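K.L.:
Chain by chain, the residues:
There are 2 protein chains.
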Amino acid sequence: MSDTKGLLIVLSGPSGVGKGTVREAIFKENPYHYVYSISATTRQMREGEVDGVDYYFVSREEFEGYIADNTLLEYAEYVNNYYGTPLAMIQKTLDSGKDVFLEIEVQGAMKVREKMPEGVFIFLAPPSLSELEKRITNRGTDSESVIIERMQKAREEIDMMQHYDYVVINEDVNRAVDQVNMIIQTEHLKVDRVVDKIKGQIHQYFQEEID
Amino acid sequence: MSDTKGLLIVLSGPSGVGKGTVREAIFKENPYHYVYSISATTRQMREGEVDGVDYYFVSREEFEGYIADNTLLEYAEYVNNYYGTPLAMIQKTLDSGKDVFLEIEVQGAMKVREKMPEGVFIFLAPPSLSELEKRITNRGTDSESVIIERMQKAREEIDMMQHYDYVVINEDVNRAVDQVNMIIQTEHLKVDRVVDKIKGQIHQYFQEEID
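Going down the list, the sequences are from chains A and B. Residues in the first sequence are numbered consecutively from 1, following UniProt numbering. Residues in the second sequence are numbered consecutively from 1, following UniProt numbering.
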């Protein structure tokens, strides 16, 4: 594994689609397969969330310090909160041959695509927009005006889908998890990732025939 | 399924790598998933092979008739035998939304790539060339001079690997089958295949909000 670089896997999609739930299930199932890159955010911690596990929950002042110091791969302001991806660990992990898993907002994912176009970009889509509206409403964390804002935002975000590589529809969490795992395994079978290794072996075989 | 075209899946690789065994196992496991495109060949039928199932076994004269009538997607001459892919059924099956599975020689696969670049090209590679030599020898169907010719050919064929999309190493047949199935399922999740459908749904949702 360490002779090839790891893959950067980006799971993204509209707010409320269930990115966090899918990511948690992937890591519960395969705790050592991927290295999860924890984002920093200024949004309020929700019930059940843990600082340093789900996000690094930081103040606006701290976050603006990261921006000033240029230590983020990307950051975005979303419904009046900052979200961002600390850079240092990602590059180190990829170089060591391990895959890095990012779960981020669409705006941020598009910035990562610009900087690391070789990443694998997966768009998690809701089964329908009515279903998305239901999920956001049932979560009960947002006021009605925020819900309307999120739905308009979702429309814009789904328009960004074409800049991704794959679409996984989050109808059933287990199925979505299987599909994300399948995509990652398949990406590892791409010719570009193995061609040099195999050509080396061929060279060696015919070398030995001659010797 | 019928609102999108089927995928053309091409499984190929050097002679002796086990393409036929992998293809048989795929079809035994998922008999209705893919439509198998049976090739025509002028080579001798081997023990256990069935005409019209493994290949259409035809005479040189018949084959040259197909060439003259231009009814083949591709054909190639390989170790003094013709191999070719009848065209008519493939296009019809793809249009109906079903995937077509081709198992062909490398030379032929490269011609299919030129004509249908949107196909999914999978290179089945031996775990090593020494292992490939062993398999060809153990098959016991080829004379020593044919074996040497096949090994030189294999070297050239493995050089063609970079024109494929994926590499599956046939170390264990079951694992190779799983990987081929995984590649095909993943290809169905590519953005280009679903984007129009999802954008239609969004349009409909916001249309209903306005009404």
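Certain hints may be false.
Since copy identity is lost for identical chains, a pair holds within one copy or between any two.
Said to hold, decoys possible - The calculated lysine-lysine pairs, modelled on DSSO-like cross-linking and capped at a C-alpha distance of 30 angstroms, are:
hint, residue 1, residue 2
1, Lys28, Lys197
2, Lys19, Lys153
3, Lys199, Lys153
4, Lys153, Lys197
5, Lys190, Lys134
Read the hints as simulated data drawn from the structure, not as lab findings. Predicted model only: the values in this text are computed from it and were never measured.
K.L.:
At 30 angstroms max between alpha carbons, let me know whether Lys28 reaches Lys197 within a copy, between copies, both or neither.
P.N.:
neither (32 angstroms within a copy, 32 angstroms between copies)
K.L.:
Classify it for me, Lys199 with Lys153: is the Cα-Cα distance of at most 30 angstroms met within a copy, between copies, both or neither?
P.N.:
Between copies only: 15 angstroms across chains, 48 angstroms inside a chain, cut-off 30 angstroms.
K.L.:
At most 30 angstroms between CA atoms: does that hold for Lys190 and Lys134 within a copy, between copies, both, or neither?
P.N.:
between (38 angstroms within a copy, 27 angstroms between copies)
K.L.:
Checking Lys153 and Lys197: alpha-carbon separation at most 30 angstroms within a copy, between copies, both or neither?
P.N.:
between (45 angstroms within a copy, 19 angstroms between copies)
K.L.:
At most 30 angstroms between alpha carbons: which applies to Lys19 and Lys153, within, between, both or neither?
P.N.:
within (16 angstroms within a copy, 49 angstroms between copies)
Violated hints amount to a single one, hint 1; each of the other numbered hints is respected by the structure.
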